[in-house]
Amino acid sequence: MAKSTSKPIFSLKNVTKDFAGYKALNDVSLEVYPGQVLCLLGDNGAGKSTLIKVLSGFHKPTEGTVQWEGENVEFKSPKDANDRGVATVHQFGGTFPLMSVGRSFFVGLEPTKGWGPFKRFDKKYANQVAVREMQALGITRVTDGERLIGSLSGGERQASAIARAVHFGAKVLILDEPTAALGVKEATHVLRIIMQAKHKGIAVILVTHNVSHALTVGDHFAVLIRGEKADDFKKGERTREQITDLMAGGEAMAELENELNTLTGTINQIH
Amino acid sequence: MAAQKPVFDVRSLLRRPEFGAFVSALFVFIFFAIFGGAEFLGPGGLSSTLNIAAELGLIALPVALVMIAGDLDLSVGSTMMASAVVMALLSGTYGLPTIVGVGGALAVGLIAGFLNGIITTKTNLPSFVVTLAVSFATSGLAFGIIRLLTGTLQADVTPEPWLKDTLGTLFFNNWEGAIGLFIIVSAIVSWILYKTKYGNWIYAIGGDVVSAKATGIPVDKVRIALFMGSGVGSALLGIVQTAMYNSAQVGAGSSFVFNSIIAVVIGGVLLTGGYGSPVGVVLGCITFATVGQGIYYTGWESDWALLFIGTLLLAAVLSNNTFRRLALGGGKKKSAKESK
Ligand SMILES: Nc1ncnc2c1ncn2[C@@H]1O[C@H](COP(=O)(O)OP(=O)(O)OP(=O)(O)O)[C@@H](O)[C@H]1O
Ligand SMILES: [Mg+2]
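Chains A and B supply the protein sequences, listed in that same order. With this note's numbering, letter number 27 in the first sequence gets 27, and the count goes up by one each step, no holes. With this note's numbering, letter number 96 in the second sequence gets 96, and the count goes up by one each step, no holes.
It is worth saying that the hints were derived from the structure and are not from the lab. Computed from a prediction, not measured in an experiment: that's the story for all the values here. Each hint can be trusted.
With a straight-line cut-off of 30 angstroms between C-alpha atoms, the simulated DSS-like cross-links for lysine-lysine are:
hint	chain 1	residue 1	chain 2	residue 2
1	B	122	A	23
2	A	198	A	235
3	A	124	B	197
4	B	197	A	60
5	A	185	A	234
6	A	76	B	197
7	B	221	A	124
Can you build the whole structure from these sequences, using the hints too?
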């Protein structure tokens, strides 16, 4: 159990997601708490992206239920989830490389000025706010809202997506491998921004392959193996080795270890 | 931040999506001014160029929006033809008021566009396949109906003065009314793209459809609306041509399918979507028309125009990619000192 003081804002109860006979998720239950970082770990194809697509309204679960603030909900669309306060930055992008920083910050929630038929997109305001919010997250190199997203570094892009979610009052922030393509410095910066979001009381769901990144920011961990939840634990309850093992698929790793042991055994004998 | 930028910032000029279109328009204009001689630069030459650009633009501008959102529309030619046929049948063969024929033509455009949009979004098939199929179906239907009702492949009509004297006539013996319509359509398309939230949605959909959905944009509705827009653009051209020539023929219009795409691409719109500007597309139409008309004034065989267009198209696609890279990479060096 996580912090007893708070109730989960978001939870999955026995969720199964079936893709034409293939169970990408099998009977998964999960709880997400405000002000905590939940790390979703697992190998390629384990079902992490599928799980967050259920959480963000892209997929409807084949079986099981999703609960929001203690009540059953059925998200009809990503917009539906978005309106409740679920902000998602999807794997491979989540941002629009050929749009300006200001425009992409407000996609779907454009500020307007004027009235009636003269109502128009307020570009100046959009640019100002986007730059201000990114600066607030420590991205000081971006000073011009007209810059294209594609000209930013990977970390700056993730930051702009997170800044957007924070600005629009997201309650749950879902990040699918935000640090995957980043260098050490950039990744550290993104992790710091995740901590900032967490301290604002936002529930963060972080998908990652990187155990170090997970251990740095995670309060709560869930490991998926072939669509099933293999383990679920709090910070400090498992060692790094145990987690690495689990992520690599548990038994497969045990076999490999045995093999390695026999190998090192022989080597030791020689010495 | 959004403080004044210097008027001449070469690098930001280079990064604009219409820069390539501007260069090619300027290039072909100078080229044909030299080889086409005084006649090309006279009112006859300039007006015929602008007339062609305007007619093409009626289709190319809404098609540009479709393409910026990441789709293609190959049905514009048949839609144009079918709407012309419907207009001529209603107001000519059946003698109804011109406004009924015009309404019928616009309805054809809206329906064809709606079909394109609804089938593309519901089936998730590539839009070029869907619009190609719709294009053939529309053509077949137009052929069948006109033959059934008139026994020929042509329908004649005498438009009422309100239409004939605006869109069906040459002003000062040279300039088509379509030019006025072209200006209006350019203004509307620019307004939508730059000044409304829908413009932002169009860029976002073309940029990354999944993320666009995630932010809550009604992606399907926008795509359907854009196809309906290009249907209306095609119908407008059908109306213009029917008003000009007092008749509608089946078989007309097929050249507009590729010509509109060529003008849009020369105008700097990326084939992959997500990037482009109406100003560029206007320049693309002018470039296209300049080549077609310019050749005529050089006295060379018009075959060379095709070679010209082909080369320009290839150059445009290549430079679009280069400009895109420039736009993506060039931001960093830009100093921030002018902001605040
Ligand atoms: N729309 C879909 N239709 C059919 N199968 C799917 C679909 N989406 C995902 N899958 C399958 O479900 C499984 C889990 O995919 P998912 O993308 O959730 O993995 P992941 O854990 O995010 O992997 P990675 O770490 O590589 O991103 C995969 O085998 C994948 O092929
Ligand atoms: Mg994934």
